[in-house]
Amino acid sequence: METMGIQALTSPVILFFVLGLLAAFARSDLAIPEAIAKGMSLYLMAAIGLKGGIEVAESGLDGTVLAALAAGIGAGFVMPIYAYWVLKGFGRLSRINAGAVAAHYGSISVVTFVTAVEIYTIQGNPPQGYMVAVMASMESPAILAGLLLARGLGSEEGQSRKELAHEVLLNPSVVLLLGAFIIGMIAGPEGFADVKPFFDGLFKGILCLFLLDMGLIAARRILDARSLTWRLVAIAIVLPLVNGAIGTVLGVSIGLDTGSAAALGVLCASASYIAVPAAMRLALPEADPGIYLTMSLSITFPFNVLLNIGLIGALAATLTGAGAVTP
Amino acid sequence: METMGIQALTSPVILFFVLGLLAAFARSDLAIPEAIAKGMSLYLMAAIGLKGGIEVAESGLDGTVLAALAAGIGAGFVMPIYAYWVLKGFGRLSRINAGAVAAHYGSISVVTFVTAVEIYTIQGNPPQGYMVAVMASMESPAILAGLLLARGLGSEEGQSRKELAHEVLLNPSVVLLLGAFIIGMIAGPEGFADVKPFFDGLFKGILCLFLLDMGLIAARRILDARSLTWRLVAIAIVLPLVNGAIGTVLGVSIGLDTGSAAALGVLCASASYIAVPAAMRLALPEADPGIYLTMSLSITFPFNVLLNIGLIGALAATLTGAGAVTP
Amino acid sequence: METMGIQALTSPVILFFVLGLLAAFARSDLAIPEAIAKGMSLYLMAAIGLKGGIEVAESGLDGTVLAALAAGIGAGFVMPIYAYWVLKGFGRLSRINAGAVAAHYGSISVVTFVTAVEIYTIQGNPPQGYMVAVMASMESPAILAGLLLARGLGSEEGQSRKELAHEVLLNPSVVLLLGAFIIGMIAGPEGFADVKPFFDGLFKGILCLFLLDMGLIAARRILDARSLTWRLVAIAIVLPLVNGAIGTVLGVSIGLDTGSAAALGVLCASASYIAVPAAMRLALPEADPGIYLTMSLSITFPFNVLLNIGLIGALAATLTGAGAVTP
Amino acid sequence: MIETVIRKRIEILADQAQVKRVTSIIDEVGITGWTVLPVSSGRGREGRWREERVMGTDKNLVVTIASQENSQALAQALAPILTSHGLLLTMWDVEVIRGERF
Amino acid sequence: MIETVIRKRIEILADQAQVKRVTSIIDEVGITGWTVLPVSSGRGREGRWREERVMGTDKNLVVTIASQENSQALAQALAPILTSHGLLLTMWDVEVIRGERF
Amino acid sequence: MIETVIRKRIEILADQAQVKRVTSIIDEVGITGWTVLPVSSGRGREGRWREERVMGTDKNLVVTIASQENSQALAQALAPILTSHGLLLTMWDVEVIRGERF
Ligand SMILES: Nc1ncnc2c1ncn2[C@@H]1O[C@H](COP(=O)(O)O)[C@@H](O)[C@H]1O
Ligand SMILES: Nc1ncnc2c1ncn2[C@@H]1O[C@H](COP(=O)(O)O)[C@@H](O)[C@H]1O
Ligand SMILES: Nc1ncnc2c1ncn2[C@@H]1O[C@H](COP(=O)(O)O)[C@@H](O)[C@H]1O
Ligand code: NA
Ligand code: NA
Ligand code: NA
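Protein chains in written order, with my numbering: chain A, 1 to 327; chain B, 1 to 327; chain C, 1 to 327; chain D, 1 to 102; chain E, 1 to 102; chain F, 1 to 102.
The shape of chain A in the complex, shown without the other chains (with noise of 0.2 Å):
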């Protein structure tokens, strides 16, 4: 295990994050323009929900997929629900500022996930294609879930609601990784051969850049922080290893292979910081930014990218008796 953990570890894509974690904790300026992250966000996305529909296409779908789905969408209502209580507990914020965390971390990151896709398949152990549709049925259940547990059931008016039900459904992310997907089912492995050059062979490329922007953003954001306690902190290093073992667990539980179920986990135990803030700005205004993103992207994501995405290939390995492949 020791050694799957190094050699991810060497991997340009993990480099390139912790070149701009370095850079930002010594305040160097170097910075990626926004209009430049934002599109290789959406390529991203883009590329990883075309790939999941094609693999889809050219595997068909079995009784697992119904299952995984129903997992990742009841693990997005529930985790919010224990996540709230601890953080208003231990981590002594108020309602609303619980609330708006609780519903990052039952939502999910992309990046984290598209990384641990890159490092389980280097260790033989590549998710389904359908974990996509997993990914993207998850991104919003905890935005329901954290709004509920921040103003309670009935607050919302109905210009709100309307607005809210909007952003659920039709949120960016959603439509980005849905859309691709079905366009990969629909066009299948032919009519992907001609976009492959750009949607497959610049894609671990374009990853490290993009990690190497989100570790330059993740450590400024540190330094910047003001409202950061070792409360919140332990929570957001806590939080994603309970998630994602109890993730995994379900995954295995459920059927999966070793690869999907760790995926499960990591889904489970990553924290949204694109999907999810936007949308608590609209709906939750009031909370602070400086608490959840700094939490779930200066904390928690390099934690996962680090750390946790290993523990959890580990464990699914452990658990499915699969020994990981040394390429």
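No wet-lab data here; the hints were simulated from the structure.
These figures come from a predicted structure and were not determined experimentally.
Note that CB positions come from ideal geometry on N, CA and C, so glycine has one too.
Hints should not be assumed to be uniformly reliable.
Claimed, not checked - In silico SDA-like cross-links for lysine to any residue, where the CA-CA straight-line distance does not exceed 25 Å: (1) K162(B) with I254(C); (2) K20(E) with L169(B); (3) K20(E) with A26(C); (4) K20(F) with A165(C); (5) K196(A) with A165(B); (6) K204(C) with P172(B); (7) K20(F) with K204(C); (8) K20(E) with L164(B); (9) K196(C) with A31(A); (10) K196(A) with A165(C); (11) K20(E) with A165(B).
As the list claims (entries may be wrong) - Far from chain C, by Cβ distances over 10 Å, these chain B residues were calculated: (12) D29; (13) V65; (14) W85; (15) G124; (16) L144; (17) S160; (18) I186; (19) K204; (20) V249.
Unchecked claim - Label pairs and their computed distance ranges (CB to CB): (21) F77(C) with S94(A): 30 to 40 Å; (22) R92(A) with S84(D): 16 to 26 Å; (23) D27(F) with S94(A): 21 to 31 Å; (24) R27(B) with I73(A): 22 to 32 Å.
Chain A is fixed; fit chains B, C, D, E and F with the ligands onto it per the hints.
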């Protein structure tokens, strides 16, 4: 023919366009940063220019090229004239607005052309490389014609006339298309080899993302449109049908091959949404972009991409007796 | 030699640069969005850093590397000194402006280096991978030298001195170049394989578009320039000739191969237009960018790209007795 | 001399996610138009922010020119949500030509 | 206390294609400088616009600081084309330090 | 009617490289916040600039709302470096709601 139409509609390029339309109609906030969209548009022009130039460097030029250039430029001057009368009469537009819209329909849309080339190539009828030069030469004549129609002869003051000549001859699209075309002719296939992964390999993938954005923008414009009447919608559909048929017949009659004749038809059918709007903003600022952009971008562009390219291809195949090869 | 020069001039990379120059001189509005240009510049630095590191991981390091590093850093400190006296004396610049310009000529231009590597590789004399590390180490010494010349010893207050040290050591270009170089050394050729389509396959194509933009910007600066005299133009051509010859001789004399000696010559000949202007804006805000940017970007950069790289390559080939291989 | 009239210029700094809400209120109040400018970074009581366009937590500046009555109505409509929605509103008198447009 | 003097700040919202025309007029009037800010979207009588940078039909905000006379001259020079060229001009008094520069 | 109070709005046009220095001075003076807007091109005595984001020699507009005393203190603190650091400062009175914040 049917099957070909359907085949084209399952190509990722078209599917991403449809995704963009649907997402915007559903009022999702999905958006591609403007700098990225602009960058993709420049990439597409540079790449299509280069590829055209390289094909010409390989195949050499014969007499039909001159005929095709003359046909294109002639059409660019003539089409705005009847378009103008229809727009003023049936469309009930003011002189200024009719002239502005006419200029759009006399000029061309690079991305419509590029999409048509992809589709005709799949169908086994690739247009000749020199059609790129025909396209570049068709960008500007209609701007002149439209302005003459809107303002009358001799109305421009010296200053504006200079600005206008500049806009017409040194329009960024014309410069980049022709510049890249000439670079392709000079560099030839060997010079191209090194840059092929970028300018050729990525082409279709970037076209997908660009058409996603076009779909988003086209649909949002319709939702925001105030000045659109059913008469204008009808014109925005009938004009590309008529112009497309005329252009195809013209192409066949001067001896172009099936793909090139169809490409000439598509150039005639397409309406500009980059070069001409910018020129109109400069030279006819009183004209209403709510009319000309909405017609060209939100009605004619989707109509051409989703339907008319297929119809024109079928017409060209029928006229030249060339059966389309199903790949 | 002639034929080689002409060969290089028919490479798309150079032709796109010429297109940019011509388009801007003709006052076309063609422009690449700044975010895209910045993104391409970061890409080029990351890619050249990575590639250098991987070559070093493959070939290992020998004693000449240290000699090359020492030569580069030494040149970075010494070149500004004589440049300063020429700029103040013959060039009639104020102390501040002379120091600022001298810093630019002592430092390096990544894109000039990259273009030279492409050309020398075509000519059969590829520079060694470690020259990337030499380049990175040459970015900053000249900043220090230029500031000392402009301000004198001990003139900086504590605050500025800290800012300055920061700028010199953690300059974004240095961080990205060196960071990517080290990532390349760690990841090695196997780690690189997955990201090769992005960082290697696209390299030349992106260089084309970047040089198109450089051509546009360089020519526009000249058109807008107010402070440029014929004396400064002369210096901006003679300095790169002299520095290039000195660097090449230095490279040959410490035992570098033909390509690497020529690359050292190009580094000496090139003038910074990213790292140093930003540092001067911070540390010497009184200096006139209308002088230093116009000289380095609009005169020296085109002169190097279009002519001097070829001359330096010929000199290196003559001195090492290596005939350039015509591919 | 050109004749100018006095109108109010109101500028509202708002989270990207709140721009739609702000501009709808401008429309409802009956003001004829508005313009949005991008904002790249800032610092307030909640600390410093930058590079947040990717996360959608960046800000924009909404600018609108209005008559005195309309500007009063807008200030009144926005006042209750200024604090909860993190809006920053400033307004001042400006001269405009063609005053009938606003 | 720092001594400040009163100058006019004039802001002109103009189509991308009209910016060159506006800044040439500023130059001709004899004003020493101007600055252009990007604008991302808006709504007016002609309806809403956004995402138009690709089409070149987006807008910019031209800002210039000028003396009272120069600002009058600028307003006068721009007035005839305000409506036909879709320009939006506002101006107001500001305090500046180093008043001799403007 | 909504109650408003008068505050100063100060806008400083600064080179990208000088923004950090300007905002630190704003912080030191005790002003509660600031906001940075991008600027795309301009012309001054040193000539025209544009497309300089790649070279890092572009400019930004730093906007801050402050009380009269704080704005005086800021103007005083910036005055000595205005010329040497190429800053352009304008300020004027604006109405704000929730005046206690500034
Ligand atoms: N009252 C207003 N306040 C601020 N901006 C406006 C206003 N009216 C119009 N605009 C801007 O000016 C543009 C053109 O307006 P119009 O000429 O009315 O279509 C709009 O798209 C807005 O960006
Ligand atoms: N009168 C002015 N109004 C608005 N902006 C100005 C003015 N003068 C100078 N600027 C801006 O300040 C920058 C530097 O001016 P200068 O220091 O005169 O070269 C210019 O490039 C413009 O962006
Ligand atoms: N005094 C101020 N002047 C200008 N902008 C401010 C000021 N205070 C706050 N802001 C802006 O408003 C945002 C939110 O402020 P706050 O609600 O205090 O966190 C900050 O990030 C700044 O961009
Ligand atoms: Na999660
Ligand atoms: Na046409
Ligand atoms: Na040098």
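Going through the hints against the structure:
{"no.": "1", "hint": "K162(B) with I254(C)", "result": "violated, 58 Å"}
{"no.": "2", "hint": "K20(E) with L169(B)", "result": "holds, 18 Å"}
{"no.": "3", "hint": "K20(E) with A26(C)", "result": "holds, 16 Å"}
{"no.": "4", "hint": "K20(F) with A165(C)", "result": "holds, 16 Å"}
{"no.": "5", "hint": "K196(A) with A165(B)", "result": "violated, 42 Å"}
{"no.": "6", "hint": "K204(C) with P172(B)", "result": "holds, 23 Å"}
{"no.": "7", "hint": "K20(F) with K204(C)", "result": "violated, 36 Å"}
{"no.": "8", "hint": "K20(E) with L164(B)", "result": "holds, 13 Å"}
{"no.": "9", "hint": "K196(C) with A31(A)", "result": "holds, 23 Å"}
{"no.": "10", "hint": "K196(A) with A165(C)", "result": "violated, 45 Å"}
{"no.": "11", "hint": "K20(E) with A165(B)", "result": "holds, 16 Å"}
{"no.": "12", "hint": "D29", "result": "holds, 20 Å"}
{"no.": "13", "hint": "V65", "result": "holds, 22 Å"}
{"no.": "14", "hint": "W85", "result": "holds, 32 Å"}
{"no.": "15", "hint": "G124", "result": "holds, 28 Å"}
{"no.": "16", "hint": "L144", "result": "holds, 18 Å"}
{"no.": "17", "hint": "S160", "result": "holds, 16 Å"}
{"no.": "18", "hint": "I186", "result": "violated, 5 Å"}
{"no.": "19", "hint": "K204", "result": "holds, 15 Å"}
{"no.": "20", "hint": "V249", "result": "holds, 35 Å"}
{"no.": "21", "hint": "F77(C) with S94(A): 30 to 40 Å", "result": "violated, 57 Å"}
{"no.": "22", "hint": "R92(A) with S84(D): 16 to 26 Å", "result": "holds, 22 Å"}
{"no.": "23", "hint": "D27(F) with S94(A): 21 to 31 Å", "result": "holds, 27 Å"}
{"no.": "24", "hint": "R27(B) with I73(A): 22 to 32 Å", "result": "holds, 24 Å"}
The structure does not agree with the numbered hints 1, 5, 7, 10, 18, 21 stated previously, though it agrees with the rest.
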